[in-house]
Amino acid sequence: MTDSAAMLKPAGPGDYQLSGCLDFASVPGLLRQGNDWLGDGIRVQLDLSGVTHCNSAALGLLLEWRRQAAARKTSLHLRNIPPSLLEIARVSELESLLGG
123 MTDSAAMLKP AGPGDYQLSG CLDFASVPGL LRQGNDWLGD GIRVQLDLSG
173 VTHCNSAALG LLLEWRRQAA ARKTSLHLRN IPPSLLEIAR VSELESLLGG
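Here this note's numbering is used: position 96 in the sequence shown is 218, and no number is missing along the way.
Check each hint, because a few of them may be wrong.
[To be verified] Label-pair restraints from in silico Cβ distances:
| no. | residue 1 | residue 2 | range |
| --- | --- | --- | --- |
| 1 | D137 | N157 | 13 to 23 Å |
| 2 | D162 | R212 | 29 to 39 Å |
| 3 | Q190 | A133 | 12 to 22 Å |
| 4 | P205 | G163 | 17 to 27 Å |
| 5 | G163 | E186 | 29 to 39 Å |
| 6 | S126 | K195 | 11 to 21 Å |
| 7 | A133 | R154 | 14 to 24 Å |
| 8 | V213 | P135 | 30 to 40 Å |
None of these hints come from the bench; they were simulated from the model. What you are looking at is a predicted structure, and each value in this text was computed from that prediction instead of being measured. Every residue gets a Cβ at the ideal spot worked out from N, C-alpha and C, and that includes glycine.
The whole structure should be built from the sequences, with the hints applied where relevant.
Spelled out as structure tokens, the structure:
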């Protein structure tokens, strides 16, 4: 499913917006961008209000970004997580890993 192209863009200092369709086609490109915006020892907020569609690939992406952030001692806070993504996390018993 491709509602719209997935995009990660800056929205201000330490703030980023993720939008579009997060699926198996778009996630690999987004994953590579993690190195560019997850700096060392900073606080980052990621707004997901623009996400139009997601599947389990989106969950994998966010969990990997959390892992990368932790390795860099970066605080990654997720905002406006789509209900469908929270449900995927819940049934996978991974919901707590998405929390701020």
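Let me make sure I understand: some of the numbered hints might not hold for this structure. Which ones are they, in numerical order?
4, 5, 6
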